[in-house]
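There are 2 protein chains.
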Amino acid sequence: MKSIAIRGKVWLEVDGKPFMGQGRERLLRAVEKTGSINAAAAELGMTYRRAWGQLNEMAAVAPFPIFFRTKGGTGGGGTQLTPEAKELLDQYAQLRASFDEQIERSSAALPPTGPQENT
Amino acid sequence: MKSIAIRGKVWLEVDGKPFMGQGRERLLRAVEKTGSINAAAAELGMTYRRAWGQLNEMAAVAPFPIFFRTKGGTGGGGTQLTPEAKELLDQYAQLRASFDEQIERSSAALPPTGPQENT
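From first to last, the protein sequence lines are chains L and U. In case it helps, the working numbering puts the first sequence at residues 17 to 135. In case it helps, the working numbering puts the second sequence at residues 17 to 135.
Simulated from the structure, these hints should not be mistaken for laboratory data. Accuracy of the hints is not assured; some may be wrong.
Remember, identical chains collapse to one label, so a pair may be satisfied in a single copy or spanning two.
[What the hints assert, rightly or not] Pairs of lysine-lysine, DSS-like flavour, derived with a Cα cap of 30 angstroms: (1) Lys25 <-> Lys102; (2) Lys25 <-> Lys87; (3) Lys33 <-> Lys49; (4) Lys18 <-> Lys102; (5) Lys87 <-> Lys49; (6) Lys33 <-> Lys102; (7) Lys49 <-> Lys102; (8) Lys49 <-> Lys18; (9) Lys18 <-> Lys33; (10) Lys102 <-> Lys87.
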């Protein structure tokens with residue numbers, strides 16, 4: 017039995033270059049939560065190198081700083097998102113959630129199988 | 017001056033395989049309009065071979081027939097979409113248009129440039 021599914025994705029670009037999609041949203045959220053690139057990478061099952069690379073790719077195209085390193089303190093320093101990055105992250109997350117909802121609603125309106133299944 | 021843009025796409029899959037996206041929507045619409053794969057390909061600046069290939073890829077995964085050849089008549093035969101294909105095409109077109117509108121609306125809410133431009 018063949019079934020039709022709606023798929024979609026939404027992402028942000030800066031000057032035509034990919035900036036934020038669902039994967040990077042997750043990474044930024046994990047950095048925000050843990051205050052550490054290392055902990056964020058571990059949480060997502062990524063290598064530190066890969067997480068660091070993605071953050072730096074984002075930083076290279078972003079119109080404003082997206083993170084900063086903190087030094088010292090009990091944790092021995094870490095990484096924080098800038099307020100601008102947090103705001104954009106929230107905007108993107110809302111947008112993506114709204115898209116996902118729309119896909120779910122529209123999926124309910126599609127026949128699960130083609131009309132021929134009835135013949 | 018860097019500007020942030022929202023990009024998105026939506027497509028249909030059948031059993032996890034790509035079935036219809038914006039390119040194939042255009043092709044089906046052109047076949048519907050012209051009644052001919054050849055004329056549709058010409059209208060879209062595609063080779064006949066490519067148009068035919070895409071239609072056959074769709075036909076291979078579709079849960080119902082998507083087109084049929086007509087023989088004879090004044091035009092010497094041609095290609096027509098099935099009613100099921102037309103209906104699904106309309107559903108997809110509406111969905112895509114609704115996504116595009118949402119992207120446009122959300123784009124208006126994003127700052128055209130980052131906050132740092134103001135400093």
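Quick rundown of the hints versus the structure:
no. : hint             : result
1   : Lys25 <-> Lys102 : both (21 angstroms within a copy, 24 angstroms between copies)
2   : Lys25 <-> Lys87  : neither (37 angstroms within a copy, 41 angstroms between copies)
3   : Lys33 <-> Lys49  : within (26 angstroms within a copy, 36 angstroms between copies)
4   : Lys18 <-> Lys102 : between (42 angstroms within a copy, 18 angstroms between copies)
5   : Lys87 <-> Lys49  : within (17 angstroms within a copy, 65 angstroms between copies)
6   : Lys33 <-> Lys102 : within (20 angstroms within a copy, 35 angstroms between copies)
7   : Lys49 <-> Lys102 : within (11 angstroms within a copy, 48 angstroms between copies)
8   : Lys49 <-> Lys18  : between (41 angstroms within a copy, 28 angstroms between copies)
9   : Lys18 <-> Lys33  : between (36 angstroms within a copy, 11 angstroms between copies)
10  : Lys102 <-> Lys87 : within (20 angstroms within a copy, 61 angstroms between copies)
When each numbered hint is compared with the structure, a violation occurs for hint 2 only.
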